[in-house]
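*Asks:* Given next are the chains, with one letter for each unit.
Protein chains: 2
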Amino acid sequence: MKVINGGVCAPKGFMANGIHAGIRKNKDKIDMSLIVSKTKANAAAVYTTNLVMGAPIYVTKANLNNGYAQAMLCNSGNANTCNANGIEIATESCEILAKELKINPSDVIVASTGVIGQPLSILPFKNGMKELVEGLASDEEHANLACQGIMTTDTVKKEIAVEFEIDGKVCHIGAITKGSGMIHPALATMLCFITTDVAITSTLLNEALLDCVDDSFNMLSVDGDTSTNDMVSIMANGLAGNEKIVEKNLEYGAFVDALKYVCVTLAKKMAKDGEGATKLLIVDVNHAKTKEDAKIVAKSVVCSSLLKAAMFGSDANWGRVLCAIGYSKANVDIFKVDVAFESEKGNILVCKNGSGVEFSEEIAKEILLEDEITIQINLNDGEGEAQAFGCDLTYDYVKINGDYRS
Amino acid sequence: MKVINGGVCAPKGFMANGIHAGIRKNKDKIDMSLIVSKTKANAAAVYTTNLVMGAPIYVTKANLNNGYAQAMLCNSGNANTCNANGIEIATESCEILAKELKINPSDVIVASTGVIGQPLSILPFKNGMKELVEGLASDEEHANLACQGIMTTDTVKKEIAVEFEIDGKVCHIGAITKGSGMIHPALATMLCFITTDVAITSTLLNEALLDCVDDSFNMLSVDGDTSTNDMVSIMANGLAGNEKIVEKNLEYGAFVDALKYVCVTLAKKMAKDGEGATKLLIVDVNHAKTKEDAKIVAKSVVCSSLLKAAMFGSDANWGRVLCAIGYSKANVDIFKVDVAFESEKGNILVCKNGSGVEFSEEIAKEILLEDEITIQINLNDGEGEAQAFGCDLTYDYVKINGDYRS
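Sequence lines, in order, name chains A and B. With the working numbering as the guide, the letters of the first sequence map in order to residues 354 to 759. With the working numbering as the guide, the letters of the second sequence map in order to residues 354 to 759.
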């Protein structure tokens, strides 16, 4: 498997575009994105578990009931959530797009991201759709425009494409994602749109997606807030020409490996670009009693505001790691826990068997000044392992969220 | 019932003191506190639910097995947690105090607060205990010294005393507390030492304490981190002269009312003085299906980093309130939820039946610029109600915790 350029247009038969349709005031900001498969694709999605769901989530869930889709439409600048007429707007936007593309409205995956509870007008969809569809193209530039159109407080674009082989055929997966704050996915995640030309049944596509999301976006937290609009969706149009995957064989394994790589890579990119973040934090838990215990510990540590602030200050305050393990509710023997901090500058053990060990504060500081930090936790109690992804808590997080709406 | 001066020395028969014993480097900072009852008292305590517990918690739990205590000893500057010899140090400090007071070492409630995982020397206890005990007195000044000695990043002292009557006898409750960061009590809380001269059995004292803590400290969150050293303890020496409370009668009710007032008042003081906080946030949930649902919703909202940052910016971003209700896991009908913001400057409805209503941003801003904000949530779905207490998320929280150890 290798990483390639092209984003969501890397897989065969996918086109993309992004335009400024007028949802945002800033005319330089792309606010509507579209990804289209030339043929109808098998499709799957996972959604937020928040009881408050964006209107597009309801519409997409209904549309994906049959396991097919051909287009992904997403606006930024307005979440279309907690709006009395939100479902109507989301439904009508699918109809407008379907008419322009000459497809069925139920083959549209629709999503929105932005402020909650602000009325969303249908006008930008009516006025912009023709331009959005006519501009569709299969190149990297247009994949890029689609990637820009879903960004909110994101400071960098997050896209990836990979190439791999299934029974001698070259296959691809491409994906774009966004997410900067309100990131603490539970069973689903922020917005991620994935394309692939692999031939696979909708049922297996769905299973593969759930499996990959569990170890990637579901292990990601920026601020502990689970968004109302989280969604990861995938379209598989089968144009790679591989024999259709209909069972969990070696080929299915190759597809899942590639998809997991894509999801984990994007989860790390999202963590590193968390609102206000200066550092990517990877919490690497090993030798837990079970994988579930490892996951609980990893997420508890990556979510600790106190640890996140300490990492911002490059302060080796490992007591906060122990504290977060202790309140995690995982089945852990605290007196077996070892903790080390690691970065490109080296690795330093700071806690052994649940108690502090002597270490050089200077070396620890040097390690923690890097912008990618791994917090290694060895529970010495079994074979469960998990990784969680997060970021530090900074002045800028407070600044960005102190007045997000203005 | 009325609020009076005197802190922990307000109840009859209690003495207090606080000195600089040398645990902290700053000689102007009091770092060891002592509260003593002239007679042996019935006593109770609730503790952190963190699996990582401070060594003093283990020792105090053992000491309170019999339901009696006569002294409360607490140091700041070092949590005595995750230290290989922590239990020895905590045990020996009780012995040193008991010898000086000529009481049984098992009648000591011992506590520590400060940095986790730094070795604690027994020397400050050996060297300072004589001065600490000899300086004990029953006045407000000494109650105040004890209150100062338990502070860490707290910026204001938090103490209270109340006077009330039980069968014609004047009774008192006094309390001091600390807590500024790592505040998200679960079943217990940060440090709070309560004294009372009410005569009551240890069993009922324990029940009363659990009941009051549930509605006060357990509804408080500064940063979602449950400390390793949380403890609320109470000594009741019976010197008020009331007929001993041995059942849940009217007199028990009067005692619980007074104790609850003390705990809720201190919880609010702690929230308002949360690390870096500029505002007290009270989340007031009404008409939930059950009290438990109301509590879950209140805590979820008060813990939302995004809402806390919005409140710092005086931004009426009510979508974040809905979002936090939605991921709370409480049994809520989102389409019945009303939200209003209230302060001394007025009250403004921002969400009705789960959707936004038009409101004046100017008036909302004026209301939110105050330093005590109530977020009123009406679930319109039953009779459960609860209040949670928290604070805004500010630059200073990040600053304080970016380099706490230095």
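Honestly, I wouldn't trust all of these hints.
As the list claims (entries may be wrong) - Label pairs and their calculated CB-CB ranges: (1) B:K644 / A:Q471: 56 to 62 Å; (2) B:Q471 / A:I440: 55 to 61 Å; (3) A:G420 / B:N733: 58 to 64 Å; (4) B:Q471 / A:G606: 46 to 52 Å; (5) B:K689 / A:T554: 37 to 43 Å; (6) B:K689 / A:V509: 52 to 58 Å; (7) B:E697 / A:A437: 56 to 62 Å; (8) B:K689 / A:Q471: 19 to 25 Å.
Because the hints were derived from the structure by calculation, they are not lab data. Every residue, glycine too, gets a C-beta built ideally from N, C-alpha and C.
*Asks:* Hint by hint, where does the structure go against what was stated? Just the numbers, ascending.
*Replies:* 1, 3, 6, 7
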